[in-house]
Amino acid sequence: MANQSSKNDVQLQSQHQIKNERQGRLYRMLWRWHFYAGLVCIPFILLLSLTGTIYLFKPQGEAAIDAKYQNLTLNHAPRSASAIANAAIAAVPGSTLRFYQMPTSESQAIRVMVAKRKVETLVYVRPDNLEVVKIVPKNGRFMAIAHDIHGELLMGKTGSLFVEAAACWAIVMVVTGLYLWWPRNASGLGGLIYPRKGKLFMRDLHAVTGVWVSFFALFLLLTGLPWTEVWGDSFKAVRRITHTSAVKQDWTLSRAEEARILADETGGANHMQTNPNYLAGLDDIVASARKERLAYPVEVAPPNNRNKHWVVRSQSQNRMQRVNIEYDSQTGLELNRERFEDRHIIDKITGIGISVHEGQLFGWFNQFLGVLTAVGLCTLSVSAFIMWRRRAPDGALGAPPAIPDQKIGAGIAILIIAFAIFLPVLGVMLVIIAAIETLILRHLPPARKWLGLTA
Amino acid sequence: MKYGTFALCFLVLISGCSDPSEVPVTKTGIEVSDARIRLPLNGVTTSAAYVSLTNHDDVAVEIVSASSNIAKTLELHEHKTNGNGMMEMRQVDSFAIAPHETLVLAPMGKHIMLFEVQGRAKAGDIGHITLNTKSGAKVEIDANFVENPNLAAAPNNHDKKSSSGHENHSDN
Numbered sequence: 006m007a008n009q010s011s012k013n014d015v016q017l018q019s020q021h022q023i024k025n026e027r028q029g030r031l032y033r034m035l036w037r038w039h040f041y042a043g044l045v046c047i048p049f050i051l052l053l054s055l056t057g058t059i060y061l062f063k064p065q066g067e068a069a070i071d072a073k074y075q076n077l078t079l080n081h082a083p084r085s086a087s088a089i090a091n092a093a094i095a096a097v098p099g100s101t102l103r104f105y106q107m108p109t110s111e112s113q114a115i116r117v118m119v120a121k122r123k124v125e126t127l128v129y130v131r132p133d134n135l136e137v138v139k140i141v142p143k144n145g146r147f148m149a150i151a152h153d154i155h156g157e158l159l160m161g162k163t164g165s166l167f168v169e170a171a172a173c174w175a176i177v178m179v180v181t182g183l184y185l186w187w188p189r190n191a192s193g194l195g196g197l198i199y200p201r202k203g204k205l206f207m208r209d210l211h212a213v214t215g216v217w218v219s220f221f222a223l224f225l226l227l228t229g230l231p232w233t234e235v236w237g238d239s240f241k242a243v244r245r246i247t248h249t250s251a252v253k254q255d256w257t258l259s260r261a262e263e264a265r266i267l268a269d270e271t272g273g274a275n276h277m278q279t280n281p282n283y284l285a286g287l288d289d290i291v292a293s294a295r296k297e298r299l300a301y302p303v304e305v306a307p308p309n310n311r312n313k314h315w316v317v318r319s320q321s322q323n324r325m326q327r328v329n330i331e332y333d334s335q336t337g338l339e340l341n342r343e344r345f346e347d348r349h350i351i352d353k354i355t356g357i358g359i360s361v362h363e364g365q366l367f368g369w370f371n372q373f374l375g376v377l378t379a380v381g382l383c384t385l386s387v388s389a390f391i392m393w394r395r396r397a398p399d400g401a402l403g404a405p406p407a408i409p410d411q412k413i414g415a416g417i418a419i420l421i422i423a424f425a426i427f428l429p430v431l432g433v434m435l436v437i438i439a440a441i442e443t444l445i446l447r448h449l450p451p452a453r454k455w456l457g458l459t460a
Numbered sequence: 004m005k006y007g008t009f010a011l012c013f014l015v016l017i018s019g020c021s022d023p024s025e026v027p028v029t030k031t032g033i034e035v036s037d038a039r040i041r042l043p044l045n046g047v048t049t050s051a052a053y054v055s056l057t058n059h060d061d062v063a064v065e066i067v068s069a070s071s072n073i074a075k076t077l078e079l080h081e082h083k084t085n086g087n088g089m090m091e092m093r094q095v096d097s098f099a100i101a102p103h104e105t106l107v108l109a110p111m112g113k114h115i116m117l118f119e120v121q122g123r124a125k126a127g128d129i130g131h132i133t134l135n136t137k138s139g140a141k142v143e144i145d146a147n148f149v150e151n152p153n154l155a156a157a158p159n160n161h162d163k164k165s166s167s168g169h170e171n172h173s174d175n
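Line by line, the protein sequences give chains A and B. Be aware that the first sequence starts at 6, since it is given in my numbering, and climbs by one per residue. Be aware that the second sequence starts at 4, since it is given in my numbering, and climbs by one per residue.
These are calculated hints, taken from the structure and not from any lab test. Only a predicted model underlies this, so the values are computations on that prediction, with no experimental measurement involved. Backbone N, C-alpha and C define an ideal beta-carbon position, used for all residues, glycine too.
Derived list of chain B stretches under chain A, where covered just means 3 residues or more per stretch with a C-beta under 8 Å from a C-beta of chain A:
1) 31 to 45
2) 96 to 110
3) 122 to 132
Simulated pairs of lysine-lysine, DSBU-like, Cα-Cα distance not exceeding 30 Å:
4) A:K241 - A:K123
5) A:K313 - A:K353
6) A:K296 - A:K73
7) B:K30 - A:K73
8) A:K73 - A:K121
9) A:K296 - B:K30
10) A:K412 - A:K24
11) B:K125 - A:K296
12) B:K141 - B:K30
13) A:K123 - A:K139
14) A:K296 - B:K137
15) A:K296 - B:K113
16) A:K162 - A:K241
17) A:K313 - B:K113
18) B:K125 - B:K75
19) B:K83 - A:K296
20) A:K121 - B:K125
21) B:K125 - B:K113
22) A:K139 - B:K125
23) B:K141 - B:K125
24) A:K296 - B:K141
25) A:K454 - A:K204
26) A:K143 - A:K123
27) B:K137 - B:K30
28) B:K83 - A:K313
29) A:K143 - A:K313
30) A:K162 - A:K121
Far from chain B, some chain A residues (derived; all Cβ distances over 10 Å):
31) F40
32) M118
33) L267
34) E331
35) N341
36) G381
37) W455
Using the sequences and the accompanying hints, generate a full structural model.
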């Protein structure tokens, strides 16, 4: 009897050992991926956290920048919208009206966006004497620059791809990080939800900050995907194929896309309709728009090559407040209006996601959560960097050592393929990395050793 | 830790001042906005004036007539689709503005017709119009003369306008 039970014990023990060894190997493999991905991601995460935090406060920032154009002492009753728009157009010779922005107070300078060839310029006009008090290129505004660095590193399509790649790998980092954090033999909550003092402090700070911000960080990363080149275009294509498309995309576009639309809408002859009577003018549409009291900022856009009618649109960063109203170019009567409730369910979901991402859905607390997440991401990056420099030996990169004979199990393989499909840029990079490893690095043992690829 | 708390409080404070919208103010009476008179077309002395009137009071207001220093006669008009499905313009006795409602005079709708517009007004001039209400109160309007969009507007017209702000305006 004793022999039988001890044999069972041994069997149980070796099963236990095999399971432990498999877990240990998986842990080591995911840790190595976490390390390598981290090295690449950290600079981007720091940059996007910084620019993102700045852009979170776009309303406050722009209000501060434009404070001197509010609360003006007017010397004269306000002039008509058409006179103000004409003054703006005259300030940029050869330009045409893109939109007239409805003022929120009677004593502020009116913003008018004009366009000349492919360049849009924002002109501020005093409503009492038509004096032009500020001219700034649309893409030169402070928050526009922060937005451009955040989305495309000021590098157009190439920059956008870099940001998308970094975002994809950041998703991998959160997921692998959560696996690494997952409690297995933990005694107490130290190292799980608060850092322990002493030798393990930096490691705990990293792990604990990671688990606390993981949900918010993943939310930011996923809600940022519609903006990207590859994922964003693929998303649009999937919607086209499944017939779940919106008529027009609602979130901000890359600079290239904006320029193309501008050229489409304003290129060629500027043909204003001629009609014997009752052609509506800017003043009439502005009066209609004023009555609607839509959420700030409200743009009144004239007919152009692409849109035959006037459009009054609220471009509120809280997308649930957005409304588009179309007014007939002849009569100025309302043709149709689209509110948030009228939009496709997919657009509603992405719209809410984007509003939360920008910190504009539920007031100051939304902005606050964004700041917390950015601070958490910076803490993760800095603690990771410190750990790396402390542990990296001379003459090597300092990756966690590989365990020999590492195989990728079926489950992990399926997960990797699923990720590669959902995040195409990630998939392409995995293929490129595998190619570099097998075709180039295999023949460079010193490089392999330094990178920590060899077991 | 102290710095952290301070930074947190600062962030919370400044994020409070976000919306650049106007601070709400309780208004009374009739609020006038977007008052404009279309420049008469060439060879014509009739034109139309449009304005948005918001009634901030709890009682309805009825506009029964209008007068001005820049036109001989003013009438209240509206466009209606007649029996044949055609739009036609006809005079009405009054415009009613319900409490806390906005009446928008606009092309293809209600408007103030101006007959025998005097002088040679140009865009940017001001014309004064007085609206008389049933109760006897008056609504004073300083309306901007605006270009008539029916003048087959071409981009060139815009270039003629200067932004110097040295515009004449007729006195009230």
